[in-house]
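Here is what each chain is made of, one letter per residue.
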Amino acid sequence: MTDATANASARRTGSLLVPDARTRRRNAAEARFKIYGLAATLVGMVALVMLLISIFSSGTGAFFQTFLHIPVTLDAAVLDKSGNRDPAEMQKVTTIGYAKVLNASLQKVLDDKGMAVAGLTDKDVADMISKEAPAQIRNMVLANPALIGQTVDMTILANGRIDGYFKGRVSMESAQLDKNVSPRQLELADKMRAAGMLTTDFNWGFLTSGDSSDQRPESAGLGVAIIGSLYMMIVVLVLSLPIGVAASIYLEEFAPKNRWTDLIEVNIANLAAVPSIVFGILGLAVFINFAGLPQSAPIVGGLVLTLMTLPRIIIPARAALKAVPPSIRDAALGVGASKMQSVFDHVLPLAAPGILTGMIIGLAQALGETAPLLLIGMVAFVREFPGAPPQGFFDPASALPVQVYNWTQRSDPAFVERASGAVIVLLVFLLIMNAVAIILRRRFERRW
Amino acid sequence: MNDMRIAERDVETNESKISARKVQVYYGTNHALKDVDVDILDKTVTAFIGPSGCGKSTFLRCLNRMNDTVASARVEGTIKLDGENIYDAKVDPVQLRAKVGMVFQKPNPFPKSIYDNIAYGPKIHGLTRSKSELDGIVETSLKKAALWNEVKDRLDSPGTGLSGGQQQRLCIARAIATQPEVLLMDEPCSALDPIATAQVEELIDELRSQFSVVIVTHSMQQAARVSQRTAFFHLGNLVEYGETGQIFTNPKDPRTESYITGRIG
Numbered sequence: 000m001t002d003a004t005a006n007a008s009a010r011r012t013g014s015l016l017v018p019d020a021r022t023r024r025r026n027a028a029e030a031r032f033k034i035y036g037l038a039a040t041l042v043g044m045v046a047l048v049m050l051l052i053s054i055f056s057s058g059t060g061a062f063f064q065t066f067l068h069i070p071v072t073l074d075a076a077v078l079d080k081s082g083n084r085d086p087a088e089m090q091k092v093t094t095i096g097y098a099k100v101l102n103a104s105l106q107k108v109l110d111d112k113g114m115a116v117a118g119l120t121d122k123d124v125a126d127m128i129s130k131e132a133p134a135q136i137r138n139m140v141l142a143n144p145a146l147i148g149q150t151v152d153m154t155i156l157a158n159g160r161i162d163g164y165f166k167g168r169v170s171m172e173s174a175q176l177d178k179n180v181s182p183r184q185l186e187l188a189d190k191m192r193a194a195g196m197l198t199t200d201f202n203w204g205f206l207t208s209g210d211s212s213d214q215r216p217e218s219a220g221l222g223v224a225i226i227g228s229l230y231m232m233i234v235v236l237v238l239s240l241p242i243g244v245a246a247s248i249y250l251e252e253f254a255p256k257n258r259w260t261d262l263i264e265v266n267i268a269n270l271a272a273v274p275s276i277v278f279g280i281l282g283l284a285v286f287i288n289f290a291g292l293p294q295s296a297p298i299v300g301g302l303v304l305t306l307m308t309l310p311r312i313i314i315p316a317r318a319a320l321k322a323v324p325p326s327i328r329d330a331a332l333g334v335g336a337s338k339m340q341s342v343f344d345h346v347l348p349l350a351a352p353g354i355l356t357g358m359i360i361g362l363a364q365a366l367g368e369t370a371p372l373l374l375i376g377m378v379a380f381v382r383e384f385p386g387a388p389p390q391g392f393f394d395p396a397s398a399l400p401v402q403v404y405n406w407t408q409r410s411d412p413a414f415v416e417r418a419s420g421a422v423i424v425l426l427v428f429l430l431i432m433n434a435v436a437i438i439l440r441r442r443f444e445r446r447w
Numbered sequence: 000m001n002d003m004r005i006a007e008r009d010v011e012t013n014e015s016k017i018s019a020r021k022v023q024v025y026y027g028t029n030h031a032l033k034d035v036d037v038d039i040l041d042k043t044v045t046a047f048i049g050p051s052g053c054g055k056s057t058f059l060r061c062l063n064r065m066n067d068t069v070a071s072a073r074v075e076g077t078i079k080l081d082g083e084n085i086y087d088a089k090v091d092p093v094q095l096r097a098k099v100g101m102v103f104q105k106p107n108p109f110p111k112s113i114y115d116n117i118a119y120g121p122k123i124h125g126l127t128r129s130k131s132e133l134d135g136i137v138e139t140s141l142k143k144a145a146l147w148n149e150v151k152d153r154l155d156s157p158g159t160g161l162s163g164g165q166q167q168r169l170c171i172a173r174a175i176a177t178q179p180e181v182l183l184m185d186e187p188c189s190a191l192d193p194i195a196t197a198q199v200e201e202l203i204d205e206l207r208s209q210f211s212v213v214i215v216t217h218s219m220q221q222a223a224r225v226s227q228r229t230a231f232f233h234l235g236n237l238v239e240y241g242e243t244g245q246i247f248t249n250p251k252d253p254r255t256e257s258y259i260t261g262r263i264g
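As they're listed, the protein sequences go chains A and B.
Residue numbering for the first sequence is 0 to 447, as defined by numbering that gives the first Met the number 0.
Residue numbering for the second sequence is 0 to 264, as defined by numbering that gives the first Met the number 0.
Because the hints were derived from the structure by calculation, they are not lab data.
Be aware that one or more of the hints could be misleading.
[Said to hold, decoys possible] Below, simulated SDA-like cross-link-like pairs (lysine to any residue); rule was C-alpha separation at most 20 angstroms, straight line: (1) LYS122(B) to PRO348(A); (2) LYS79(B) to ASP67(B); (3) LYS122(B) to PHE343(A); (4) LYS190(A) to THR154(A); (5) LYS338(A) to TYR86(B); (6) LYS338(A) to ASP67(B); (7) LYS256(A) to ALA72(B); (8) LYS105(B) to LEU349(A); (9) LYS256(A) to THR68(B).
Throw the hints in and build the complete structure from the sequences for me.
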């Protein structure tokens, strides 16, 4: 008897058409596993959909804003007392002067149209205009002094509460409890809307203007944060792409395999897992306290994010290089290519899609990173736009995720809407970057 | 037995191209190749045969220093190409590999066009001065590799899109495009079907007029068909080396006889 026939007594019997108990158990286990997997996938999908619904339902409002359309008489007696249109003289008139002109114009329009609401003081009516509006008009006039004395049709921001009323955030009931807005003001707002003076339009200012103080959420925008994030991404890209790719090529292709390179490898893997706030502390100590770079500056943010991103780029880049079949290296060396020629002519082009994907995913992570930026002062209230590069890299700026963090801390509910809107903008940027990663990957892979 | 037909072509020269003396190869602590002494003749096909793991591929890779890429490998002894020790510290392996080309077991064309596959070697070695010269090299290399007629209309299509046998001939064309003096082939037909194998073998025979060809093979029939000289390796030792006819018909060592009659291996 050989081993091959020793188990003949254990041979299965019975028809193939009837599954035996053991087969039924195995099939049942497989079916259960499929259900678990499906359930897990569904939970993930539901969470994602809920996240998107919550963000979009509360955030889309930030892209629309209520504007007031009125003819404003730019009274020369208030705005340019000397009458000689001297820019230096005109600078002396503050926004208080412009507010006066603006309020008078609004009052006049309401009187003309007979829309006055009993019990509303002039101040109540003036409060319906955004506190930012006088500054807008002032900038317009200073840029073009010839406007003084004319009556100009203007589109100006309405107060955040009035805006909230039309978006459903403020109601007559809540207005009774709110000392910033009264039901009478809302009544007037309804009338003005019916008369076409108040409209809700797309809010370009949300994308182009800077942050605003607590009192004027209607004028708060992401402009400075977008520029700041853009500058930081430029710094991260310019620094981490060459450093990361060079380091991974060296470690993967040239470095001897010994204890030192093992140590470096372990450390890179560990660095990728270091909490990002630790890099913030490092940046604060090294770049700001030691190197004396300015706080809140995109250059410092970019440097810190570069440190954080480097290991996250090196690891996928090394994996991409490792995935290139060794036969390609042999082939290149076999025809007499030097090590460097074999790497740059053959290995790198094959690894490029993987390296690029890792790079863009690293950048996307850096774009969404908040914690290290808090520590280097980017959380500060920054209204002014940073200058053009290269000087702009050293000017204070904000960043998209920090702006979200900032706005969620403000008391006015209008900022909640703006924070969600900022999240949408951030998500759109991330989607664009991932799309770019996919397109680049496709294009490079199509070459072979 | 037609398969066992032994190449009847005489060795045309007795000039030694490569001479190896006391070659030892270690992979870490593993002594993979022991005391190998071989003289490889010019314009001759030399076959290395032996069971798996006997060291024949290792020795082949010593001849163009491809073992340098294996971190744990260590080579001792001398291997002289035209009287110059290729393991001399002053030798740049890049220059050596331009003289000693290699074809690998698995076809490994670059993922580039057929044209670029052939043109790469001449380009990096600066063998051509003009595009037309390069075109000439590509054409003659592909003709020598008996591939020209099949690919002349699609030189821009990827080399990886060819069939296995065509890819291997493309690799041979790529290796001869740098105009080497010695061509090393590491089981070039192991991934090919019999028809492609026959084409490659025919090709090897033609290449003999210009190069010294060294081929590692597991097929004793192939060794008998294409080579003039045969070396039998066993357990890291070079057991016997001599004219192919003598090795296959009248081996001196009992181990060689056991192997070619199928008793070990």
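Evaluated hints:
With a C-alpha separation of about 18 angstroms, the suggested pair LYS122(B) and PRO348(A) falls inside the 20 angstroms cut-off, and the hint holds. Restraint check for LYS79(B) and ASP67(B): satisfied, since their Cα atoms lie roughly 17 angstroms apart, inside the 20 angstroms limit. Straight-line distance between C-alpha atoms of LYS122(B) and PHE343(A) comes to about 15 angstroms, which keeps the hinted pair within the 20 angstroms bound. Only pairs whose Cα atoms come within 20 angstroms are accepted, and LYS190(A) paired with THR154(A) is accepted, the gap being roughly 18 angstroms.
With a C-alpha separation of about 18 angstroms, the suggested pairing of LYS338(A) with TYR86(B) holds against the 20 angstroms cut-off. Proposed proximity of LYS338(A) and ASP67(B) is supported: the alpha carbons are some 11 angstroms apart, at most 20 angstroms. Pair hint LYS256(A) plus ALA72(B) holds up; C-alpha atoms about 13 angstroms apart against a cutoff of 20 angstroms. Distance hint between LYS105(B) and LEU349(A) is fulfilled; the C-alpha atoms sit about 19 angstroms from each other, no more than 20 angstroms.
Proposed proximity of LYS256(A) and THR68(B) is supported: the alpha carbons are some 12 angstroms apart, at most 20 angstroms.
Of the numbered hints listed earlier, not one is contradicted by the structure.
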